[in-house]
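Number of protein chains: 2
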Amino acid sequence: MSRLSIGAVAEATGLSVYALRYFEHEGLFPRDIPRDTGGRRVYGQPDVDWLLLCNRLRESGMPIAVIKRFVDLVREGAGNEADRLALLRQHEADVRAKIDELHACLTVIHRKVVSYEKHFAEGTATGLWETS
Amino acid sequence: MSRLSIGAVAEATGLSVYALRYFEHEGLFPRDIPRDTGGRRVYGQPDVDWLLLCNRLRESGMPIAVIKRFVDLVREGAGNEADRLALLRQHEADVRAKIDELHACLTVIHRKVVSYEKHFAEGTATGLWETS
DNA sequence: CTAGGACCTACAGTGCGCTGGAGGTCAAGC
DNA sequence: GCTTGACCTCCAGCGCACTGTAGGTCCTAG
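Chains as they are written, first to last, in full-length UniProt numbering: chain A, 1 to 132; chain B, 1 to 132.
These are calculated hints, taken from the structure and not from any lab test.
Since this is a predicted model, take the numbers as computed values, not measurements.
Among these hints, one or two may not hold up.
No distinction is drawn between identical chains; accordingly, a pair holds when it is met within one copy or between any pair of copies.
In silico DMTMM-like cross-links for lysine to aspartate or glutamate, where the CA-CA straight-line distance does not exceed 25 Å [claimed, not checked]:
id, residue 1, residue 2
1, 98, 117
2, 118, 76
3, 68, 49
4, 98, 59
Input sequences plus hints: build the corresponding full structure.
Here it is as structure tokens:
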């Protein structure tokens with residue numbers, strides 16, 4: 001069983017030690033992180049795996065509070081898998097919606113880029129930013 | 001020429017009047033918004049058009065400070081179109097990268113969803129959240 | 001002629017997600 | 001045995017993007 005220090009976990013997950021302590025404070029770990037005799041956190045590989053998933057959830061816009069809800073369900077133990085699934089599915093839908101939104105933005109932005117490029121080809125003139 | 005009140009512009013853009021005043025304070029308008037005799041803002045349609053583009057930029061993650069940089073270039077007048085284009089292209093690249101990242105997240109999340117669904121089909125058991 | 005509502009400025013407050021400082025413990029290396 | 005460095009707790013502070021409040025103006029409708 002791997003015994004990882006907070007520094008090693010920070011290294012492995014790309015999170016700062018500040019963030020790791022903060023996450024623990026916010027209850028974002030599915031288990032209590034044990035301490036050694038000196039009071040230092042001792043993480044295991046499953047904690048790192050969870051943090052990597054957690055990173056994906058955060059990157060994709062899941063608020064800390066929602067991650068906590070998920071973690072709370074996990075900590076409650078077996079029996080609420082339907083709730084956990086619903087939460088994940090909802091987030092999956094949110095992410096898909098966000099991707100669609102970004103594509104829409106991209107269309108608008110790209111149109112603007114093209115209008116500038118066209119403008120360039122013709123030499124500078126008027127009416128650049130005003131029209132959407 | 002349309003003469004729109006702040007309330008009308010809020011309505012048209014989905015922004016709050018607070019946000020509109022804030023944006024003006026932060027220098028996010030390519031022109032100074034004029035006032036009527038009573039000191040009230042008088043917007044035109046081009047301002048609304050700009051705000052709609054601005055909304056896309058914000059939705060797609062462009063920070064206020066970067067939008068301001070773009071606006072500053074526009075306010076400088078003709079001659080820096082290359083800089084404006086570079087800024088937009090950079091953002092376009094950022095958005096594409098963000099979309100890719102979200103797709104990667106989606107893969108991980110979807111895998112998790114499927115693992116829960118599979119779990120469901122089999123009846124509840126162990127090893128749900130630990131494995132990424 | 002007064003009450004309401006939309007607007008104004010200036011500035012303080014909020015929520016989120018960390019980040020950092022103060023003051024202290026502990027084990028290892030010189 | 002002393003310094004260094006990684007760690008600890010507690011709590012304050014920060015950056016961003018607004019949101020809201022206080023105190024005031026102005027116009028319109030009853």
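Here is how each hint holds up against the structure:
no.	hint	verdict
1	98 x 117	between (28 Å within a copy, 24 Å between copies)
2	118 x 76	between (60 Å within a copy, 20 Å between copies)
3	68 x 49	within (16 Å within a copy, 40 Å between copies)
4	98 x 59	both (12 Å within a copy, 9 Å between copies)
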